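Work out the full structure, taking the sequences as your base and the hints as a guide.
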Amino acid sequence: MSQSKMGVCGGHSEAKPITSNDELQSLVLALKQDAESKLSSEFPRFEATHVRSQVVAGMVYHFRIVIGDNDDDVVHMKVFKPLPHTGDSPSIMEIKKAEGGHELALM
84 MSQSKMGVCG
94 GHSEAKPITS
104 NDELQSLVLA
114 LKQDAESKLS
124 SEFPRFEATH
134 VRSQVVAGMV
144 YHFRIVIGDN
154 DDDVVHMKVF
164 KPLPHTGDSP
174 SIMEIKKAEG
184 GHELALM
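The sequence shown begins at 84 in my numbering and counts up by one.
Please keep in mind that the hints were generated in silico from the structure rather than gathered at the bench. All figures in this text were calculated on a predicted structure; none of them were measured in a lab. Take the hints with a grain of salt, since some may be wrong.
[To be verified] Derived DSS-like pairs (lysine-lysine); straight-line CA-CA distance at most 27 Å:
#1 Lys121 / Lys99
#2 Lys179 / Lys115
#3 Lys115 / Lys164
#4 Lys99 / Lys164
#5 Lys180 / Lys121
#6 Lys164 / Lys180
#7 Lys99 / Lys161
#8 Lys115 / Lys99
#9 Lys179 / Lys164
#10 Lys121 / Lys164
#11 Lys121 / Lys179
#12 Lys161 / Lys180
#13 Lys180 / Lys115
#14 Lys115 / Lys161
#15 Lys161 / Lys179
#16 Lys121 / Lys161
#17 Lys180 / Lys99
#18 Lys179 / Lys99
[As the list claims (entries may be wrong)] Quick list of simulated restraints, FRET-style, between CB atoms:
#19 Arg128 / His168: 33 to 41 Å
#20 Glu182 / Ser123: 25 to 33 Å
#21 Gly141 / Lys99: 13 to 21 Å
#22 Leu112 / Glu177: 13 to 21 Å
No residue lacks a Cβ here, since even glycine has one placed at the ideal position from N, Cα and C.
This is the structure in structure tokens:
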């Protein structure tokens with residue numbers, strides 16, 4: 084298999100769409116209140132549309148999340164999900180309003 088198909092070891096995956104019944108959507112929703120607090124805003128919508136992931140000692144996810152009625156009203160959120168044996172919960176590492184909102188940016 085070529086390296087372009089496999090990705091880079093330790094690197095980020097390509098951006099992938101997320102469906103409404105995806106388990107990652109549940110992870111995002113569980114962090115909504117923390118995201119609102121960090122950005123001092125309330126979001127009428129909080130729907131992850133795309134994700135990139137990186138395997139570390141756990142997982143790092145970069146999400147593109149629609150937060151309003153307009154599909155261009157977007158935040159990008161970086162989340163760390165620790166390994167299960169730690170007993171720690173996933174947490175937001177970074178979150179910011181997206182400029183343009185279309186491409187999922189790595190933070």
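Evaluated hints:
Among the hinted pairs, Lys121 with Lys99 is consistent with the structure: their alpha-carbon atoms are about 25 Å apart, no more than 27 Å. Among the hinted pairs, Lys179 with Lys115 is consistent with the structure: their alpha-carbon atoms are about 13 Å apart, no more than 27 Å. Straight-line distance between C-alpha atoms of Lys115 and Lys164 comes to about 15 Å, which keeps the hinted pair within the 27 Å bound. At most 27 Å may separate the alpha-carbon atoms for a hinted pair to count; Lys99 and Lys164 meet this at roughly 18 Å.
Taking the CA atoms of Lys180 and Lys121, the gap is about 11 Å. The hint holds against a cut of 27 Å. Restraint check: the Cα-Cα separation between Lys164 and Lys180 comes to about 21 Å, which is no more than 27 Å; the hinted pair holds. Of the pairs offered as hints, the one joining Lys99 and Lys161 holds, with about 15 Å between alpha carbons and a cut-off of 27 Å not exceeded. For the hint pairing Lys115 with Lys99, the CA-to-CA distance comes to about 21 Å; that is within 27 Å, so the pair holds.
Proximity of Lys179 to Lys164 is assessed by CA-CA distance (about 19 Å); at most 27 Å being required, the pair is judged to hold. Distance hint between Lys121 and Lys164 is fulfilled; the C-alpha atoms sit about 18 Å from each other, no more than 27 Å. Annotation: proposed proximity of Lys121 to Lys179 holds, straight-line Cα distance about 9 Å (limit 27 Å). A threshold of 27 Å between alpha carbons decides the hint, and for Lys161 with Lys180 the separation of about 12 Å falls inside it, so the pair holds.
A C-alpha spacing of about 14 Å is found between Lys180 and Lys115, which places the hinted pair at or below 27 Å, so the restraint holds. Taking the CA atoms of Lys115 and Lys161, the gap is near 13 Å; set against the 27 Å cutoff, the hint holds. Straight-line distance between C-alpha atoms of Lys161 and Lys179 comes to about 9 Å, which keeps the hinted pair within the 27 Å bound. Restraint check for Lys121 and Lys161: satisfied, since their Cα atoms lie roughly 13 Å apart, inside the 27 Å limit.
A C-alpha spacing of about 20 Å is found between Lys180 and Lys99, which places the hinted pair at or below 27 Å, so the restraint holds. The suggested pairing of Lys179 with Lys99 holds, with an alpha-carbon distance near 20 Å, which does not exceed 27 Å. For Arg128 and His168, the Cβ-Cβ distance of about 34 Å falls inside the hinted range of 33 to 41 Å, so the restraint holds. Checked against the hint of 25 to 33 Å, the pair Glu182 and Ser123 fails, with Cβ atoms roughly 19 Å apart.
Between Gly141 and Lys99, the C-beta spacing of about 19 Å keeps the proposed range 13 to 21 Å intact. A hinted range of 13 to 21 Å holds for the C-beta pair Leu112 and Glu177, which are about 18 Å apart.
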